[in-house]
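Using the hints provided, position chains B and C relative to the given structure of chain A.
Okay, here's what each chain looks like letter by letter:
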Amino acid sequence: MGEQIIFYVLAVLIVAFSILSVVSRRILRAATYLLFVLIATGGLYLMMDYQFLAAVQISVYAGGIMVLYIFSILLTSHAGDKAEKVSWKRHLPAVSVATIGLALCAHIIYYNVKRVASLDLFNAPNMQEIGLNLMGTSKNQYVLPFEAISILLLACIVGAILIARKR
Amino acid sequence: MTTIPLEAYLVISTLMFFTGVYGFLARRNMLTILMSLELMLNAADINFAAFNRYLYPGQQDGMFFTLFAIGIAAAETAVAIAIIINIYRNLKNISVDEVNKMKF
Amino acid sequence: MMSFTVLIVVLPFLMFLFLGLMDSKLKPAVAGLLGTIGLATVAILSYITAYLYFFQVGKVEHVWQPITALNFNWLQVTEKLHIDLGVLLDPISVVMLLVVSTVSLMVHIFSLGYMHGEKGFQRYYALLSLFSFSMLGLVVATNIFQMYIFWELVGVSSYSLIGFYYTKPSAVAASKKAFIVTRFADMFFLIGILVLSYYTGTFSFAELCNPTGPVLGTTIGDTFMGWSVVSWAMMLIFMGGAGKSAMLPFHIWLPDAMEGPTPVSALIHAATMVVAGVFLVARFFPVYYFGAPEVLTIISYIGAVTAIFAAIIACTQTDIKRVLAFSTISQIAFMITSLGVSNYGGEHGLGYMASMFHLFTHAFFKSLLFLGAGAVIHAVHSNEMKDMGGLRKFLPITNITFLIACLSIAGIPPFSGFFSKDEIMVAAFEKDKIIFGILYFTAGLTAFYMFRLYYRIFWGESDKHYHHTPHEGGLNSMTIPLIFLALLTFVIGFIPFGKFVSSNGEPFETSVNWLVASLSVGVGVVGILIATVMYLKKNSKPETMEAALKPLYKASYHKFWFDEAWLFATKQIVFARISKPIAWFDRHIVDGFMNALSTATNWTSRKIKVVQSGEIQDYALAFFVGALTIAAMVLFL
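Residue numbers (my numbering), protein chains in the order written: chain A, 1 to 167; chain B, 1 to 104; chain C, 1 to 637.
Bound-form chain A, shown alone (with noise of 0.2 Å):
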């Protein structure tokens, strides 16, 4: 019952502030609600009982990127600008395609998703067996990722700097 409600008010948190940042004229506004979004995101990984994920989701995404975004926001433009209007030209083709893909999307779940209505009993992962997952190299283990994914952290802060830098 009390999931019910805190799943609830999640889901109204994402939905509107999701819709609010889209929508919003003023940049700086945008980038907040944004930020709202992503730290209800994080709540939603805890309804899941991932506890890991929903830490990471927060420091990285909420903590990392949004600070990023705010520092870029401040860069390029002045606080308080009102960015225009949308033209209707640009606004009518970008309705109709986010509209009839929801109705598709609408219309597998609607009768594609079986009805699962319980979440099995299961041992929420602890950090020892993510750490070992993470490690590991047999099957179903992520080490091979984990360092392509670091190289791939080197080359882009490489390459930002690269492109960045003042000439």
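Calculated from the structure, these hints are not laboratory results. Beta carbons: idealized from backbone N, C-alpha and C, even for Gly. Careful: at least some of the hints might be erroneous.
As the list claims (entries may be wrong) - Short, incomplete list of chain A residues facing chain B, as computed with Cβ under 7 Å:
#, residue
1, 15
2, 34
3, 50
4, 53
5, 56
6, 73
7, 76
8, 90
9, 91
10, 102
11, 105
12, 142
13, 145
14, 152
15, 153
16, 160
What the hints assert, rightly or not - To give a feel for the contact side, a few chain C residues facing chain A, derived at Cβ under 8 Å:
#, residue
17, 621
18, 624
19, 625
20, 628
21, 631
22, 632
Chains B and C alone, transformed into the frame defined by chain A:
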């Protein structure tokens, strides 16, 4: 633990995703476009986690996918913002209408 | 055994390739010498062939047999029809080999002196060799298609040689005229060949000309508009021959062809190429006689009319080469008429034999006349009679040889022209008196205009003053051929030609028909006398004659306006009514369609390229729409 159906999570993620699509197509400022992109990525992450939790409770593949997706999203955002800063330095403006030189 | 004869054809071709490719890398004297040596070899080979054929292997059971020295299958058209290339030796082809190679050799030697110092000397000799190759290939052809191939080659060589002085517009125009007129006639020739081969299933002479063979046995039944198909085919083939042999109305190219160098006129337009039409009819004679006799009658009348028209025109021309050109037309018409009035078989085929005999003798004395005219032109640097007169003092050898040739063509015994022309008259007398009458009158005119020519050049104004004294130079490359040909003209009349050439291979004796002989000699003497009175010394009789016959003179001088008529037909009718609309269609509709296609493509592209707008969100939109479409298709289809 027993009463939230899988479809509920999927509905949330779908709504979030298509909101992101709308934002991507309708916004003028490049940074807001990137923010819509973040929305789309997040929606996908929720999907991964939900499917993993409801359909394959013994395994943790979905969680790890989500983990990596978050990491990659961070890297990609960093590079994208670097490019946008560069554009801002050259054009003094980060509206997508200005960067349309690769045309006929 | 006789397969060495293929060398006769191949050797000039190799010489052409060599001289043509080496062109200016060879010194002119070397090129001339090589060309002459090549032809001399060919001439010797022809003499050997003639000796072997006529005196050793040709006669089987007292009948001359055709020998196929070489025949290989070149192109297989259908299972039964194939185009061969080969060498066929029979009396007329061996005679033609002799004629072509001898005259060509004389022309080669003469040109060493005549063309000395001309630009393009090497090209000249290369083209002479090409022509010799083409003509020799034509006369030894084993099938009609090979003959057609070489026919066209001869036309090309003639075109190249007439237009030898390609910087002169009149020469270029003349060469084009020659080629186009003969090509036009050859269109009919080709249609005739195709019709004939379609109905008989073969190209080969051996099968077609066999009196009991497929043509005459099986195709009699098919008719088209009143005539049998064989008649149509042979009529069309004759029209092709008429073009090459300058019969009315296709004769217009031959006078203009005199723009070429004079030795070329001697070789091509007097002795060899123009008799190709005669040779064609002679080759097909059994088919004409048995399959299309009405066509033979038409041929004889066309020949007779051409002869007299050409003779009338020649009486008033002042360019000496033009006189000789019309004389050639007239004499070839004699040969064609003779074939037309001939019967078949042994001594009944007198016309056939006479025609070939006249071809043989005419080749020599006409080429002698042309080469003599060349010597005169070379000495005086002009073609017009008014620039000549009294040249007998300066050009003695030319004078004597020219006189011999004129006597021969006028039909005065004992020169060869008398014997051959006499046989023609006898054949005509026996077949059709009207034709005999026309030919008789023409013979008189021939004597008249030839001696007009002779007197105007060598006698006439005996005290004419020349800026550069004309000189001959004694025995040299220009006079030796003249002497040789004059000797031949004197001697060959005595050959009993009927023993060698006859319509069906059976040799026969000819005897003198005293009535006709005396009549023809008489008319020749009368012609010479009239010419002597009018032209031996300069007087005013020509002018009074001209005034008396003013309209006829005018018509004759303007060559009966045939050129103007043809020009009118082509310009006003073909060009204006047929070519112009077709050209309009091509330019506006065919080209217009293509242009419209390209314009449409351009327009479409301009409309479509807007898709590449450069806007990121447009691309993203397209991307999403595509993804949704695919998802929908996968789900619902």
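Quick rundown of the hints versus the structure:
no.	hint	in the structure
1	15	5 Å, holds
2	34	5 Å, holds
3	50	6 Å, holds
4	53	6 Å, holds
5	56	6 Å, holds
6	73	6 Å, holds
7	76	5 Å, holds
8	90	6 Å, holds
9	91	6 Å, holds
10	102	5 Å, holds
11	105	5 Å, holds
12	142	5 Å, holds
13	145	6 Å, holds
14	152	6 Å, holds
15	153	5 Å, holds
16	160	4 Å, holds
17	621	6 Å, holds
18	624	5 Å, holds
19	625	6 Å, holds
20	628	5 Å, holds
21	631	6 Å, holds
22	632	6 Å, holds
Checked against the numbered hints above, the structure breaks none of them.
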